[in-house]
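**Student:** The chain contents come next:
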Amino acid sequence: MAIDTLDPRSWLYPTPRGLYCAPGDFYIDPAVAVPRGVITHGHGDHARPGHRAALATPETLAIMRARFDGMPDTSQQPLKYGESLRIGEVDVSLAPAGHILGSAQAVLAFKGQRIVVSGDFKRRPDPTCPPFEPVACDVFITEATFALPVFHHPSDLGEIAKLLRSIATFPERAHLVGVYALGKCQRVIKLLRAAGWDKRIWLHGSLVALCRLYQEQGVDLGEVAPVSDAILETFKGAIVLCPPSAIADRWSRRFADPIPAVCSGWMRVRARARQSGAELPLVISDHADWAELTQTLRDVGAPKVWVTHGREEALVHHARSIGIDAEALHLAGRDEEGA
Amino acid sequence: MQAFAALLDALSYQPARNAKLRLIESYLRETRDPDRGWALAAMTDGLDFPAAKPAMLRGFGEDKIGTELFHLSYDYVGDLAETLSLIWQTDPDAGPPPTLSEVVEMLQRATKMQTPAILKRWLDSLDATGRWALLKLLTGALRVGVSARLAKQAAANVGGQPVDAVEEIWHGLSAPYRPLFDWLLADGPKPSSNAGGAFLPPMLANPIDRAELDGLDPTEFRAEWKWDGIRVQIAASGGVRRLYSRAGEDISGAFPDIVAAIDFEAVLDGELLVRRGAIVAPFNDLQQRLNRKTVTPRQLKDHPAHVRLYDMLRLDGEDLRALGFDQRRARLEAWHGAKPRPRFDVSPLVAFTDWAHLAELREATRSDGIEGLMLKRGDSPYLAGRPKGPWFKWKRDPLLVDCVLMYAQRGHGKRSSFYSDFTFGCWREVAGRRELAPVGKAYFGFTDEELRWLDKWVRDHTTNRFGPVREVAHELVLEIAFDGLARSSRHKSGVAMRFPRISRIRTDKPAAEADTIDDLLRLLPAGVEKPLKAAYITDP
Numbered sequence: 002m003a004i005d006t007l008d009p010r011s012w013l014y015p016t017p018r019g020l021y022c023a024p025g026d027f028y029i030d031p032a033v034a035v036p037r038g039v040i041t042h043g044h045g046d047h048a049r050p051g052h053r054a055a056l057a058t059p060e061t062l063a064i065m066r067a068r069f070d071g072m073p074d075t076s077q078q079p080l081k082y083g084e085s086l087r088i089g090e091v092d093v094s095l096a097p098a099g100h101i102l103g104s105a106q107a108v109l110a111f112k113g114q115r116i117v118v119s120g121d122f123k124r125r126p127d128p129t130c131p132p133f134e135p136v137a138c139d140v141f142i143t144e145a146t147f148a149l150p151v152f153h154h155p156s157d158l159g160e161i162a163k164l165l166r167s168i169a170t171f172p173e174r175a176h177l178v179g180v181y182a183l184g185k186c187q188r189v190i191k192l193l194r195a196a197g198w199d200k201r202i203w204l205h206g207s208l209v210a211l212c213r214l215y216q217e218q219g220v221d222l223g224e225v226a227p228v229s230d231a232i233l234e235t236f237k238g239a240i241v242l243c244p245p246s247a248i249a250d251r252w253s254r255r256f257a258d259p260i261p262a263v264c265s266g267w268m269r270v271r272a273r274a275r276q277s278g279a280e281l282p283l284v285i286s287d288h289a290d291w292a293e294l295t296q297t298l299r300d301v302g303a304p305k306v307w308v309t310h311g312r313e314e315a316l317v318h319h320a321r322s323i324g325i326d327a328e329a330l331h332l333a334g335r336d337e338e339g340a
Numbered sequence: 024m025q026a027f028a029a030l031l032d033a034l035s036y037q038p039a040r041n042a043k044l045r046l047i048e049s050y051l052r053e054t055r056d057p058d059r060g061w062a063l064a065a066m067t068d069g070l071d072f073p074a075a076k077p078a079m080l081r082g083f084g085e086d087k088i089g090t091e092l093f094h095l096s097y098d099y100v101g102d103l104a105e106t107l108s109l110i111w112q113t114d115p116d117a118g119p120p121p122t123l124s125e126v127v128e129m130l131q132r133a134t135k136m137q138t139p140a141i142l143k144r145w146l147d148s149l150d151a152t153g154r155w156a157l158l159k160l161l162t163g164a165l166r167v168g169v170s171a172r173l174a175k176q177a178a179a180n181v182g183g184q185p186v187d188a189v190e191e192i193w194h195g196l197s198a199p200y201r202p203l204f205d206w207l208l209a210d211g212p213k214p215s216s217n218a219g220g221a222f223l224p225p226m227l228a229n230p231i232d233r234a235e236l237d238g239l240d241p242t243e244f245r246a247e248w249k250w251d252g253i254r255v256q257i258a259a260s261g262g263v264r265r266l267y268s269r270a271g272e273d274i275s276g277a278f279p280d281i282v283a284a285i286d287f288e289a290v291l292d293g294e295l296l297v298r299r300g301a302i303v304a305p306f307n308d309l310q311q312r313l314n315r316k317t318v319t320p321r322q323l324k325d326h327p328a329h330v331r332l333y334d335m336l337r338l339d340g341e342d343l344r345a346l347g348f349d350q351r352r353a354r355l356e357a358w359h360g361a362k363p364r365p366r367f368d369v370s371p372l373v374a375f376t377d378w379a380h381l382a383e384l385r386e387a388t389r390s391d392g393i394e395g396l397m398l399k400r401g402d403s404p405y406l407a408g409r410p411k412g413p414w415f416k417w418k419r420d421p422l423l424v425d426c427v428l429m430y431a432q433r434g435h436g437k438r439s440s441f442y443s444d445f446t447f448g449c450w451r452e453v454a455g456r457r458e459l460a461p462v463g464k465a466y467f468g469f470t471d472e473e474l475r476w477l478d479k480w481v482r483d484h485t486t487n488r489f490g491p492v493r494e495v496a497h498e499l500v501l502e503i504a505f506d507g508l509a510r511s512s513r514h515k516s517g518v519a520m521r522f523p524r525i526s527r528i529r530t531d532k533p534a535a536e537a538d539t540i541d542d543l544l545r546l547l548p549a550g551v552e553k554p555l556k557a558a559y560i561t562d563p
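Respectively, the protein sequence lines represent chains A and B. Going from the first sequence to the numbering used here is simple: count from 1 and add 1. Going from the second sequence to the numbering used here is simple: count from 1 and add 23.
I should point out that these hints are in silico values taken from the structure, not numbers from a laboratory. Hints may contain errors.
Stated by the list, open to error - Taking lysine to any residue and the SDA-like style, the derived pairs with C-alpha atoms no more than 25 Å apart in a straight line are:
#	chain 1	residue 1	chain 2	residue 2
1	B	K324	B	L372
2	A	K163	B	V369
3	A	K237	B	H497
4	A	K163	B	T122
5	B	K479	A	K305
6	A	K305	B	T90
7	B	K479	B	R451
8	B	K479	A	E313
9	A	K163	B	A26
10	B	K479	A	K237
11	A	K163	B	K418
12	B	K416	B	A382
13	B	K416	B	A387
14	B	K418	B	D478
15	B	K532	B	D478
16	A	K237	B	R45
17	B	K416	B	L372
18	B	K479	A	A96
19	A	K163	B	T90
20	B	K479	A	K191
21	B	K532	B	R400
22	B	K324	B	V369
23	A	K163	B	N487
24	A	K163	B	V373
25	A	K163	B	R166
26	B	K479	A	P17
27	B	K479	A	R18
28	A	K191	A	A96
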């Protein structure tokens, strides 16, 4: 399907404002407000406020409205998974990325050449979103958050079992579980429900709005309640979800002798886990691990791969060693961030 | 092995001392001999596996995923044992994992040739945590925040004994410590403490500054120089002669010249130095002798060791620790005066009238062999640990220089993945152009918050990458504090700083106004013009 003479860099390239698609005149996950943006998912480093027009899945647009005061000044173009739309000279469609609710890969076709911008993705099942769909393409732009052979995420239910074991061992202590507000929080709740935890799950105030949004989108979270609603609650043996930063914050002092747990792919590396203050590190990630990343390169079969945000060097090295023309793509506004 | 791995795993995430103690105690209670004894040996640095070398483990990793990927992984994780444990995958057909005793006993018997195959089989059979614990055990540095002292404390606790009772008999015991556990947990007899050469926990001082001194009565205190070597204990009793570091590590093997000169029965507290005639060599010379298991005749000749004595804890079987400092000091001087020994001398007291006078003396001393002053109450008994009140250290004010950040490298251990090793430079003129010359490297002095700030600054101002090192824009001024400066032929700038650390981040100062090499050279001690080998006289 490729036209050998067309250089993909001639129509999709990084600029200080973000990755720019020239024949469609739009940016993908721009770092600043732009006239037209295609947004792969709702996390803060991909979805920014203030675009004149934004195209994304209906779920991602709902998340952006919840985060950015309804976005009244942004013209919103919902595009469901699998539907296609022509923008300028480019055909745009969105494919599930399996990262969080609404997350998508942007599939761009121009003059018979197809580039897939994966955004953030993972390959293992997530009860809050449809699974990643590999799309055959000429150029695949992959994330590299956990692109080192040291990252092998264990089974997520195994990690949840660790949490439940700790609660059984310390029934008199509250378990504070650090999670990102969008995606990780709701996935962990679903995993707890799947593991049989049917008690009320307590939420830090900053997690409430997005949990409500997930429920409105049809994700059943069971009984959740904000900590501020608690009356005469001792939190003994309770599970309290909060942003990781709240664990070391004054907020956590209201719990007697809590056990700090953090859910993140970084918990695989001991020093990172200790830096986060976790006594109970749980390796649960919404990003692909090394095996998933390398498997995905094989699944999409792209002869060219551009690697962005994370440990590009290792994945570029691996891709080249299996005959893929790979290079690092440096995008503005992305370095290591939460995962 | 799994129980031991679970213990190390839990310890590594547990910051609180008491919780660490509880974890070790319950492990020691619930684990059988000899496993628990080997575990105690591992936590007190009592195990050594010479056949398992880091180079071999690196080789395993490189074979597994290739040199390039292994190095990127190691650079990211910052710990060899952990890197290898994470890239290795468990083989379900590898059979049951080994017990801790199997690991210790097999490795002590295995030859260099057999070791790799045995190790690989174990790595296959263990999970990631088990592999990490195994590799930590082999490489000797557990790094789970447990000192030998804490492990002994936990052992003492399970038997309801004071830790000093364990410390007292410790050096007469050997792993896996069956008689110790028989005594602590069953009805066994207390192991004999007259094994000889026992380490007595040292007394440590708290820092103090000029303002705080005014609250103290100068007539109650004695002053002595704080020498820039390492604090040691000479323990000679029951026919056994040992040299210990402050932490109780037996360093006799590296200092046979000192051990051979011990012709007495006493426990002495002092400072280990390299001394040539009347001249005390720079700390750098002492470093040539440290961290070695053995020493060559050449090193003995070129870097002769010496102990400058501060205190006397025992003499000919008599325990002096309950006496006041003045009385112990009188005993020490009388003992040394009766028979002077060339390898040992007594650190002199510094006479002073009041704190202002002492401050003058401290200022007037620019010798690099002196770190500052020690202040000890004349009536203070010798107490283990760091009691508040009787002893203080009053360090010299550091030297300061404003440098420009040039390179940053990711740290290891608890700073893994943070840019925390900083190379900085001073300006110089070369062929009419101003350029920066690197003058030192620092990885201390900042708070955790400043570290996060610096890490972000480095990431946002990177101009070039060389593997794990980032070159940054020459825009950030760091105020560097250091304790001394010496000529050095090994450093590009021609000088080496002693213990440099970042004292302030000077976002207020433009990089062009940072100090020059000439500014820095003015801080060299007077009279030091040539690259120096012999150094300076510090014998007062």
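**Student:** Determine for every hint whether it applies to the structure shown.
**Tutor:** The hints, checked one at a time:
1. B:K324 <-> B:L372: violated, 30 Å
2. A:K163 <-> B:V369: violated, 58 Å
3. A:K237 <-> B:H497: violated, 53 Å
4. A:K163 <-> B:T122: Holds: K163 (chain A) and T122 (chain B) sit about 23 Å apart, inside 25 Å.
5. B:K479 <-> A:K305: It is violated: about 31 Å lies between the C-alpha atoms, which goes past 25 Å.
6. A:K305 <-> B:T90: Cα-Cα ~24 Å, so holds.
7. B:K479 <-> B:R451: Violated, at roughly 28 Å.
8. B:K479 <-> A:E313: Satisfied, since the Cα-Cα distance of roughly 19 Å is no more than 25 Å.
9. A:K163 <-> B:A26: holds, 16 Å
10. B:K479 <-> A:K237: violated, 38 Å
11. A:K163 <-> B:K418: With a Cα-Cα distance of about 48 Å, the restraint between K163 (chain A) and K418 (chain B) is violated, given a limit of 25 Å.
12. B:K416 <-> B:A382: This hinted pair holds, its Cα atoms lying about 13 Å apart.
13. B:K416 <-> B:A387: The hint holds at about 17 Å.
14. B:K418 <-> B:D478: Roughly 30 Å separates the two Cα atoms, so the pair is violated.
15. B:K532 <-> B:D478: holds, 19 Å
16. A:K237 <-> B:R45: Holds - the C-alpha atoms of R45 (chain B) and K237 (chain A) are around 21 Å apart, at most 25 Å.
17. B:K416 <-> B:L372: Measuring from Cα to Cα gives roughly 14 Å; hence the hint holds.
18. B:K479 <-> A:A96: Violated, at roughly 34 Å.
19. A:K163 <-> B:T90: violated, 34 Å
20. B:K479 <-> A:K191: violated, 35 Å
21. B:K532 <-> B:R400: violated, 44 Å
22. B:K324 <-> B:V369: The hint holds at about 23 Å.
23. A:K163 <-> B:N487: violated, 42 Å
24. A:K163 <-> B:V373: violated, 60 Å
25. A:K163 <-> B:R166: Distance ~24 Å between K163 (chain A) and R166 (chain B) Cα, so the pair holds.
26. B:K479 <-> A:P17: holds, 19 Å
27. B:K479 <-> A:R18: holds, 20 Å
28. A:K191 <-> A:A96: holds, 23 Å
Hints 1, 2, 3, 5, 7, 10, 11, 14, 18, 19, 20, 21, 23 and 24, counting from the list given before, are not met by this structure.
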